[in-house]
Amino acid sequence: MKKYLKYIIGLLIIGIGSGAYMYYKPHQNIKASKAEVSLSAAEVFQAFESDETAANEEYLDKIMAVSGTVRDVSKNEEGIVSVTLDAGQDMFGVICQLDQLTQHAREDFPIGEKVNFKGVCTGMLMDVVLVRCVETN
Amino acid sequence: MKQFLLGLCLFMTVGLSQAEAQKYFTREGKISFYSDTPVEKIEAHNQKATCVLDVASGKMEFAVLVKAFQFEKALMQEHFNENYMESGTYPKSIFKGQIANAADVDLSKDGTYDVTVEGELTIHGIAKTVSTPGQITVAGDKISATAKFETQPEDHGIKIPSVVRKNIAKIVEIDVNVALEPFKK
Chain A
-2 MKKYLKYIIG LLIIGIGSGA YMYYKPHQNI KASKAEVSLS AAEVFQAFES DETAANEEYL
58 DKIMAVSGTV RDVSKNEEGI VSVTLDAGQD MFGVICQLDQ LTQHAREDFP IGEKVNFKGV
118 CTGMLMDVVL VRCVETN
Chain B
7 MKQFLLGLCL FMTVGLSQAE AQKYFTREGK ISFYSDTPVE KIEAHNQKAT CVLDVASGKM
67 EFAVLVKAFQ FEKALMQEHF NENYMESGTY PKSIFKGQIA NAADVDLSKD GTYDVTVEGE
127 LTIHGIAKTV STPGQITVAG DKISATAKFE TQPEDHGIKI PSVVRKNIAK IVEIDVNVAL
187 EPFKK
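Protein sequence lines, in the order shown, are assigned to chains A and B.
First residue of the first sequence: -2, per the working numbering; consecutive thereafter.
First residue of the second sequence: 7, per the working numbering; consecutive thereafter.
If you're looking for bench data, these hints aren't it; they were derived computationally from the structure.
What you are looking at is a predicted structure, and each value in this text was computed from that prediction instead of being measured.
Every residue gets a Cβ at the ideal spot worked out from N, C-alpha and C, and that includes glycine.
Take the hints with a grain of salt, since some may be wrong.
[To be verified] Using C-beta positions, here's what the derived DEER-type ranges look like:
hint	chain 1	residue 1	chain 2	residue 2	range
1	A	E75	B	D147	21 to 29 Å
2	A	N134	B	S168	25 to 33 Å
3	B	D161	A	Q100	19 to 27 Å
4	A	E46	B	P188	24 to 32 Å
5	A	E75	B	E160	25 to 33 Å
6	A	N26	B	D181	26 to 34 Å
Go ahead and model the full structure; you've got the sequences and the hints to work with.
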């Protein structure tokens, strides 16, 4: 019996350890992750506007690289910055909400500048919304 | 004829802008939810809710993308999206309803008004009729609104395995906080 005890204890430690590891698993590091799709803001918007169901199936939860010109920048009371990219529409565009878990080189984007972001595509309400965005070159 | 058309255009523009002035909107609404049990505290936040309020009729609508909710723990977020909300199939949650006592809100006077919001809350593809208290604060041409909803996962067809049932609150609280601006093109 004593012989098995140390194996049982060993297994227990591994079990608890891997359980804790799963529980405290960190969020995906967007900066270090590769974009799965790369599109312009106008293309993303078009895809969602023409067939939302198909676009959801194709893009939801994917890390998307998106490029476009800055149309609007806003900061909410918690200091979360959102950049709206022009998608060739008069009212709506592609909103990139900057990641709260990443240190950003800048949070100030002049309107009209061409920028590139990558982030997680979450779908479309009025605009297409990407969260956890980081700027790329 | 030309003058008549011009007059008509002018008349329509004025009419339109008046109708629009009654509408308030935001795309930066904040929606959070809280599940509090002795075993585990779960909360998630979303800062990208849209909300449209038509003051004249008291009709309001807000929508939120389920995948844009951010959790403290990655594993919780994964379970929330994949096992419970099935956000790949049901990417949005929507509330459509109206302020029952819209007449009590006086937009020309700054202040805080207590309101009751009634309507249909659609989560996980299943709509449920709800009625909940809220507050509307008028400050100049800006309106902010808050409301608290209480809902049960089971009411929206969300199945929670019995092993983890005690980790998730029977009644989940949803907090809505929006700052609205006049809708203009």
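To see whether the hints hold, each was checked on the structure:
One distance hint, 21 to 29 Å for the beta-carbon pair A/E75 and B/D147, holds here, with the actual separation near 23 Å. About 50 Å separates the C-beta atoms of A/N134 and B/S168, a value inconsistent with the hinted range of 25 to 33 Å. Separation of B/D161 from A/Q100 is about 41 Å and departs from the stated range, judged on CB atoms against 19 to 27 Å. Checking the proposed 24 to 32 Å range against A/E46 and B/P188 shows it holds: the Cβ atoms sit about 25 Å from each other.
The hinted window of 25 to 33 Å between A/E75 and B/E160 holds, with their beta carbons roughly 32 Å apart. Restraint check, A/N26 to B/D181: a C-beta distance of roughly 29 Å satisfies the suggested window 26 to 34 Å.
Violated hints, listed in ascending order, are 2 and 3; each of the other numbered hints is respected by the structure.
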